[in-house]
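Chain by chain, the residues:
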Amino acid sequence: MLTTTSKRRSAAAILAGALLLAPLAACGSSGSDDKATGSPSAAADPASFDRTATITIGTPSPSNILDPALQNNIGQNTFTFLIYDSLTQMDSDYQVQPMLATSWEYAADGSSLTLKLRDDVTFNDGTKFDASVVEANINRGKTLQGSALVAALNPIDKVVVEDDYTVRLELKKGLGAELPAVFALNAGMMVSPKAFTERGGELATDPGTAGSGPYIPVQVTSGQELVLERSDDYWNDDTAYAQKLIVRTVVDQAARINGVQTGDLDVAQISGASPVQESLALVDRGAFEGDLISQATPVVLMLNAERGDLKKPEIRQAIAMAVNREEMVEGLFAGNATAADQFYAEGFWAHDDDFGAERPFDADAAKKLVEEAGGAEIDVAAATGSTAEPVAQALQDQLGKVGIKVNLQSIPFAQIDDMYRRGELDAQVINASPAPDPASTMDYYVTSGFNAARGHGDLFGSLVAEAADPTKSIDERAAKYHEIWKIMAEKDVWVPILWGQQVWVRNDKVANVPNLSWVRSGFPSYRDIGKVK
Amino acid sequence: MTLYALRRLAVALPILVAVTFCVFALVDLAPGDPAAAIAGENPTPERINEIRVMLGLDEPLLTRYVSWFTAAVQADLGSSLANGQSVTEVIGDRLPVTISLVFVAMLITLVVGLAAGMLAALRHGRPTDRVITALASGAIALPPFWVALVLVLLFSVNLGWFPSIGYEPLSAGLWPWLSHLLLPAIALSLLPMAEVTMQFRQALATVLKLDYITNAEARGLSRPRVLGKHAAKNAAVPVTTVFAYRFAQVLGGTVAIESVFDLPGIGRLAVNSVLSRDIPVLLGLVALTTLIVLVINLLVDISYGYFNPKVRT
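From first to last, the protein sequence lines are chains S and G.
With our numbering, letter number 415 in the first sequence gets 415, and the count goes up by one each step, no holes.
With our numbering, letter number 232 in the second sequence gets 232, and the count goes up by one each step, no holes.
Because the hints were derived from the structure by calculation, they are not lab data.
In this text, a Cβ means the ideal position worked out from N, Cα and C, and glycines have one as well.
Errors might be hidden in some of the hints.
Said to hold, decoys possible - Beta-carbon label-pair distances, calculated as ranges:
1) 159/G / 335/S: 31 to 37 Å
2) 465/S / 58/G: 31 to 37 Å
3) 70/G / 50/S: 38 to 44 Å
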């Protein structure tokens with residue numbers, strides 16, 4: 001156990017080499033304050049893992065829906081990642097890497113995407129994985145009643161099986177650049193056609209052997225607990241280091257912390273300013289170990305330019321200039337956060353390293369703008385009990401200092417996003433989840449969905465389509481997105497505030513947490529977690 | 001007695017209808033769209049509308065309520081919006097946890113509360129009485145949520161005597177079951193236990209001063225017989241009222257306590273269903289808890305008839 005921040009930083013430095021090679025977990029953390037605290041090494045050698053171990057994980061998300069086509073929120077991925085393989089996966093730089101698809105290529109005119117598939121994969125129910133399985137899954141995702149994949153799979157017009165292990169996706173014109181990245185999530189998770197044909201709706205609550213993933217669910221208590229055992233025939237030996245995983249939903253943060261202290265849990269995820277600080281204090285006191293991970297999920301203030309005083313460009317500009325990020329990072333998060341000037345974190349290909357702070361903190365200038373506009377009053381909403389709520393409270397104080405009266409609205413999580421999408425809110429502080437491909441992010445947050453660009457007219461011209469052109473290289477696409485981010489900052493479409501940090505508290509046997517895929521999204525895949533002997 | 005029970009039942013049924021309708025209407029009035037909440041990431045308006053129609057949310061409020069209530073009286077509470085599981089099944093999975101918790105809490109309440117109340121009444125005005133009264137007054141002032149946190153820190157985290165989270169069914173063994181329930185049950189029972197103590201102390205002390213008790217003792221009846229057969233029975237009416245009232249409160253208290261101890265009961269389910277706008281589950285829970293409280297009240301009303309035959313008329 002390491003007892004001081006400086007010691008944690010030392011540990012991080014020692015492990016830096018290993019982390020550079022690690023998957024998504026450590027991604028883009030250059031300059032981040034990620035700290036691997038305690039023993040064993042966060043990047044422990046898999047050879048040292050106890051393959052007979054049982055690991056009990058405490059997570060805030062309930063395991064309600066275990067059918068990827070019906071998952072209605074990103075938190076379910078924590079469970080389905082263990083059960084199902086996906087066509088692709090993400091690496092440490094949010095670059096798409098092979099999983100069930102070994103390679104993929106767009107047609108020169110962008111009209112189709114051809115995927116080559118693995119030929120050595122068998123579902124846990126004995127069904128062989130091949131191109132017909134991909135066809136069946138995509139068609140199911142597009143047509144199943146209640147499917148949550150309709151929007152994600154919308155760019156696909158038709159699926160054509162070219163041979164047993166080659167499938168061609170014919171795309172709607174100008175769409176589909178995000179598909180390889182989308183296939184790393186539930187839209188790309190493959191379910192045995194035998195299972196969904198024979199068992200239908202049961203899959204959501206009892207998937208059994210329907211996946212080809214490294215773990216098989218043996219006991220599902222919906223919304224409470226998922227018990228999984230390792231599949232002995234899994235095609236990839238470099239994962240699934242435990243014999244048994246118990247993923248238990250423990251909603252209350254204090255209960256998760258207590259659970260690790262008493263040994264009822266081996267590892268638990270803690271988020272939010274105060275709980276993270278409390279957990280780190282307990283790490284320093286030797287109560288348990290902890291891995292502090294910078295999140296790639298920014299806290300952002302969305303501004304609806306169609307409502308009230310936010311219709312005035314000068315008020316939106318004043319808001320952007322009145323936000324004192326450093327004060328929030330230090331005052332609210334005790335330094336366990338990073339000020340954000342854009343949506344994508346450092347290390348991700350759409351992040352702009354040369355992005356200038358278009359609206360640096362300047363309270364005097366903001367105050368002058370507000371005075372000239374004759375004052376302003378806005379409502380700022382945040383989900384009840386979310387990590388965004390304290391940020392909204394801090395914003396009320398900071399904006400109040402420049403003469404903007406802020407009325408806070410605390411709205412249940414299940415309602416707030418829908419209300420913002422429907423244009424019923426002035427402004428919302430959200431803990432955003434950038435999609436693996438910015439084309440999806442633009443669709444979800446900017447041009448439709450949250451529709452951050454509403455009230456701004458035609459902001460981007462043909463830029464959005466050009467940036468999402470699948471025939472362009474990543475560098476060419478990145479340049480286009482950098483232009484888009486710049487326009488959004490200049491027009492104060494939204495105000496990125498900070499990237500928070502989460503801590504995974506654990507006992508001294510649990511290893512590999514910082515290396516977990518998707519750990520920076522807050523919804524990790526626990527496939528690679530291990531327990532040293 | 002049967003007529004008396006039927007009369008009480010006739011009063012209970014409209015209450016059940018009124019409570020469920022109020023909750024139905026309140027949920028409907030709340031901002032946000034349950035169809036959007038379950039439509040997945042970035043749903044199109046068409047998709048949301050399709051789900052709304054599928055769930056019958058496009059129907060008028062009264063039509064939906066009548067349809068829900070008609071099915072509910074046939075034990076069909078619909079399906080969870082979260083995963084399509086039958087609401088009866090969802091609640092059935094969780095109910096044993098809450099029943100166990102409430103049972104242990106009320107058992108502690110009765111055993112400790114009655115014993116302390118009796119001791120205080122028998123030592124009325126003496127130091128023992130004063131200590132018990134002071135402790136009970138203190139217990140009334142302590143919020144159960146805070147007590148729960150203190151108990152976890154003391155007995156789970158520091159001493160390691162009890163698990164801090166989770167639940168084991170009785171089939172796993174008596175101690176595993178009880179060890180997961182003792183701390184939350186103590187936290188839940190503190191307030192009703194204190195009230196039962198105070199009420200029983202006061203009622204028993206009053207009864208013990210009555211002439212018929214003096215007469216019974218003068219006739220040579222033993223002290224335990226006088227207490228058990230003559231005094232305690234007459235002192236039980238106010239205690240029964242407090243017990244019933246506090247039962248509803250303990251049931252409501254499980255919402256917070258189950259979260260602290262991560263007990264997978266209906267209290268935690270209620271929180272989750274509110275946050276996720278899982279209306280069928282929420283309504284099922286409201287109907288069930290209302291029914292439980294009404295049944296307890298009915299039993300208490302009937303017990304008044306046992307303790308005091310005059311109320312039957």
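So, going through the hints one by one against the coordinates:
For the pair residue 159/G and residue 335/S, the supplied restraint of 31 to 37 Å holds, since their beta-carbon distance comes to about 34 Å. Distance hint check: the CB atoms of residue 465/S and residue 58/G are about 36 Å apart, consistent with the given range 31 to 37 Å. Judged by the Cβ atoms, the range 38 to 44 Å given for residue 70/G and residue 50/S is violated: they are separated by roughly 56 Å.
Checked against the numbered hints given earlier, the structure breaks only hint 3 and satisfies all the rest.
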